[in-house]
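Here are the chains, one letter per residue:
2 protein chains.
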Amino acid sequence: MSQKNALYSQSGGVTAVINATACGVIQTANAHDEIATVYAARNGILGALREELIDTSLEDPADIAALMHTPGGGFGSCRYKLKSLEENKAEYERLIEVFKAHDIGYFFYNGGGDSSDTAFKVSQIGDALGYHVNCVGIPKTIDNDLPVTDTCPGFGSVAKYVAVSMMEASLDVESMAETSTKVFVMEVMGRHAGWIAAAGGLAGRNHDEPPQIILFPEVAFDQEAFLARVKESVENYGYCSIVVSEGVKWPDGRFLSDAGTRDAFGHAQLGGCAPVIANMVKENLGYKYHWAVLDYLQRSARHLASQTDLDQAYAVGKAAVEYAVAGKNSVMPVIERLADKPYEWRISEAQLGDMANVEKMMPEDFITDDGFGITEACRTYLEPLIQGEAYPPYKDGLPQYVRMKNQLADKVLPAFEK
Amino acid sequence: MSQKNALYSQSGGVTAVINATACGVIQTANAHDEIATVYAARNGILGALREELIDTSLEDPADIAALMHTPGGGFGSCRYKLKSLEENKAEYERLIEVFKAHDIGYFFYNGGGDSSDTAFKVSQIGDALGYHVNCVGIPKTIDNDLPVTDTCPGFGSVAKYVAVSMMEASLDVESMAETSTKVFVMEVMGRHAGWIAAAGGLAGRNHDEPPQIILFPEVAFDQEAFLARVKESVENYGYCSIVVSEGVKWPDGRFLSDAGTRDAFGHAQLGGCAPVIANMVKENLGYKYHWAVLDYLQRSARHLASQTDLDQAYAVGKAAVEYAVAGKNSVMPVIERLADKPYEWRISEAQLGDMANVEKMMPEDFITDDGFGITEACRTYLEPLIQGEAYPPYKDGLPQYVRMKNQLADKVLPAFEK
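Sequences listed follow chains A and B, in order. Here the working numbering = 1-based position in the first sequence + 76. Here the working numbering = 1-based position in the second sequence + 76.
Simulated from the structure, these hints should not be mistaken for lab results. Treat the hints with care, as some may be off.
No copy is singled out in the list; a pair is fine if it fits within one copy or between any two copies.
Stated by the list, open to error - Straight-line alpha carbon distances no greater than 16 Å define the calculated EDC-like cross-link-like pairs of lysine to aspartate or glutamate that follow:
1) K481 / D284
2) K157 / E254
3) K157 / D486
4) K417 / D472
5) K471 / E459
6) K80 / D446
All chains should be modelled from the sequences, with the hints used to inform the complete structure.
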């Protein structure tokens, strides 16, 4: 059997479980004779262009296994989108050159929408340049906005963290609301799609349970209706818990977070719609408020990962290798839902060409008519994704997250000038 | 044996484990023949003044047990400090009246510094008014600022959450720093003392581990030294993680969070030193940043409670009842450290008079000379407090937090006009 090496690359924002996918790729590749060495690109596709290839065979197998419970990107990632073939063919040619120099027969690109596009292009260019490589995309994004797949590895764990955080903070607020904070605002990620905000809705089911209000990027912000709902909630339940997506916009399309705020020196103050919302409540209704911004905590909270998400993250890595050694090119393993409750899923094969540059938004029937909550259809979709608790091992009170050695293979090519 | 009833009241900000103390009080009281019914004041001392006494004997014992894993305040709490005896003797007289009307022989007041003071006054006034009640304070505060006790129940769990969150977010930032965020700022509670900020320091040990900078309320903010340290960290390690206490002040004593910020309409914008710090970095060094504000999440994160903290929270509740039935008055069970490693502790008895109105600040030798980190002495103190993971039970992917029935005993007194 002729052996080839494999190259795995992480791309874009990392997640609590992207390293589990890396583990799935590496362990599965190591078990296949068709694959000799598995390299990982240092800091994503930039490392591939620069010929900075981490030799994963130099890592302790126990450390590779520990990727299962370690958040962040073990080999580094980057925000770098390859230009189109027309604009910068040299980048694609360089990739193929690096593949050729290191006998890479299998390329695994683990990312979101942009990465599917890149992987698709790479899958096409190899043959055109006379060097065939089996190119397999692997889904990952906390934004949950990839098409075809039932969900995206990384999202289920964010969803669980956001729902649990909302439950917990609301118990706190509720128990003290009479004399203290009456309105709590929690800001979550999701600039274009409200999937993460929707997950906050899992914290409660009825109006008297939190969150009483969810603000989605899909729904133009209606200040009057919002304030009326806050007032109603405080009057009826004593408090109001709010999940707000960072992507919420005014009816004219401006982001709420772009409040034109300036500090004492006249400098523009960036970021945060939670404080904007909280101030609006204070100015108009006079309620005492608190606000939290989860930011990176939500996508790195491996301490509270969803077991379902973790299983799927590993499974797509494993399937990607199986597809590649079976000779497949330009495909992506995706998650197919077979049943809602109990949740049944399997990995199935999608074409990269169908995945590239399509954003999956929340269906309209996932948001309640008033625009402030999630429907039963949305719950039915979300609930399976947060099932199971996958805790990391702890030592001395802290999780035992692993750090890779990340030793590079010798370079054989001249440096790449981009 | 003559039986008396007991009254338990939560006070001030709640924690991830204050309900474990409630559980310790109720279960221990139920096991003692000296105590008939255990009442809990609805929403803290206000409920006692209003004669709103929750009859805990009407709760399912399984629900009382579930308080062990439920954050927030199960019977409600409040921010309400009784005035001095001279200023408002009527409030103290009313309390004694309520005690008398409901045959309360044991009063347990579970709170921080102010509550110790109140409990102390109540312990003195009963006899003066001819109605003896055994009054026992029980420590609780995430601020960890009570004197005498080794630590305060509630703090260890916040410390663990803050340290783990810092570890996780920093792994995320580090893996993407080359092309994305280089500076991450995480804001934690602690307006007067830097105990919680210090706990963030447990995430790493050396300069190349996060957090590279901690900003304490105890150390006047030195912008120049701070920016130099940020630059050095980004240049040496590729990124810089910062823990900032909400209580950080300029050398002239103003809070950094009081930035004089105004929104587009000229309204004062309140809160958040994380965005202030982040903007300062951007303006002066040009680095891309992200920031998070933990707010209530840190004190309600029961999903990641410290087992040590939980054990201590239960133990002080249990000891309080044992003191009371042994005839003690005006005392507080506190935690005494017997050894650092392995941590050994026991409950010992303190006098409420020694606890009232004393704030325990961080010792000077707990902060490094440069003002940006914690010393080995501080680590030795903090490490035992985050040991062990006390997870709540989950169902359908979410923690099974309990909600009390909170049924009130019949009132027998006229309403109290405060």
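Here is what the structure says about each hint:
{"no.": "1", "hint": "K481 / D284", "verdict": "between (51 Å within a copy, 15 Å between copies)"}
{"no.": "2", "hint": "K157 / E254", "verdict": "between (51 Å within a copy, 14 Å between copies)"}
{"no.": "3", "hint": "K157 / D486", "verdict": "neither (26 Å within a copy, 69 Å between copies)"}
{"no.": "4", "hint": "K417 / D472", "verdict": "between (38 Å within a copy, 11 Å between copies)"}
{"no.": "5", "hint": "K471 / E459", "verdict": "between (31 Å within a copy, 11 Å between copies)"}
{"no.": "6", "hint": "K80 / D446", "verdict": "neither (56 Å within a copy, 53 Å between copies)"}
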